[in-house]
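Taken in order, these protein sequences are the chains called A and B. The opening position of the first sequence corresponds to residue 1 in my numbering, with each subsequent residue numbered one higher. The opening position of the second sequence corresponds to residue 1 in my numbering, with each subsequent residue numbered one higher.
Bear in mind the hints are in silico, worked out from the structure with no lab data behind them. Computed from a prediction, not measured in an experiment: that's the story for all the values here. Just so you know, even glycine gets a beta-carbon here, dropped at the ideal spot from N, CA and C. Hints should not be assumed to be uniformly reliable.
To be verified - Which stretches of chain A does chain B cover? Using the computed rule of at least three CB atoms under 8 angstroms from a CB of chain B, they are:
(1) 45-54
(2) 57-70
(3) 74-86
(4) 105-116
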Amino acid sequence: MNNREDTMEKQNEMQIVFDARSENEGFARMAVAAFISPLNPTIDELADVKTAVSEAVTNCIIHGYRQGSGKIFLECTVIGSTVTIGITDEGVGIINIKQAMEPMFTTRPELERSGMGFAFMEAFMDDVQVYSSPGKGTRVVMKRRIGG
Amino acid sequence: MDFQYEVKGASLTIYVPRELDHHVASQIQARADLAVDTYRIQTVIFDFSETEFMDSSGIGVILGRCRNMGFAGGKVKAVHLKNERVRKIFSMAGLYKLVKVEEDQDE
Ligand SMILES: Nc1ncnc2c1ncn2[C@@H]1O[C@H](COP(=O)(O)OP(=O)(O)OP(=O)(O)O)[C@@H](O)[C@H]1O
Ligand SMILES: [Mg+2]
């Protein structure tokens, strides 16, 4: 028997690439929910993770690609009871990340955005990191421990 | 279309589906604005009986209708807000202060 395997935390990983279209928002939420189901998340934990994924994916579509075409890269890694989710676009990028993350800040009020997306990601996940370069794209990495 | 709606006199009821995200919100926005113009709607009612998921796009579409109805002298209501998750999003976004929420009789 492999001793190292025994002591190491169980690890599982997946990646999906999909088109930046609004009908894929539900698909992204469901894919992550299904992937983390072996951790037996509570209904609340599942709703928290689904909301965070929905916010990040919606941002790629509306802001990153400005509702035009592009690909969204979703990765999800489970190590022990911690889920790490990366959501990346190759869109316009964010000039001022700190300002973008402030609650109620939005650059698209005319599209009925209210600037709550990052606030929800931060409220529902344990950790949220945003990496972006203008003209290159944006990557959001979020972590959440399932089961306390 | 991913949702049902009903016009009765001067009110428009939107039956919000199980998940209210950006995909559904943009359809609701377009349909509601058209109905408001066509039927001289005074009250927009969001019926949340079936809804279990809502994100910031749901907040946007409700606030957007509040703004538009406010200009037209009308109002926005939310009914059957019984799902815990949806209520949590409502309170985090401060929607209870902006939208009239009619509680169910049995609550
Ligand atoms: N993937 C992205 N690419 C480019 N800009 C982004 C991206 N994600 C967020 N932003 C910028 O950050 C701002 C804040 O994002 P946030 O999700 O908090 O609010 P919002 O999307 O504007 O509104 P809401 O999420 O409430 O609909 C956006 O208005 C946008 O300017
Ligand atoms: Mg957003």
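Against the structure, the hints:
no. : hint    : verdict
1   : 45-54   : holds (count 4)
2   : 57-70   : holds (count 3)
3   : 74-86   : violated (count 0)
4   : 105-116 : holds (count 5)
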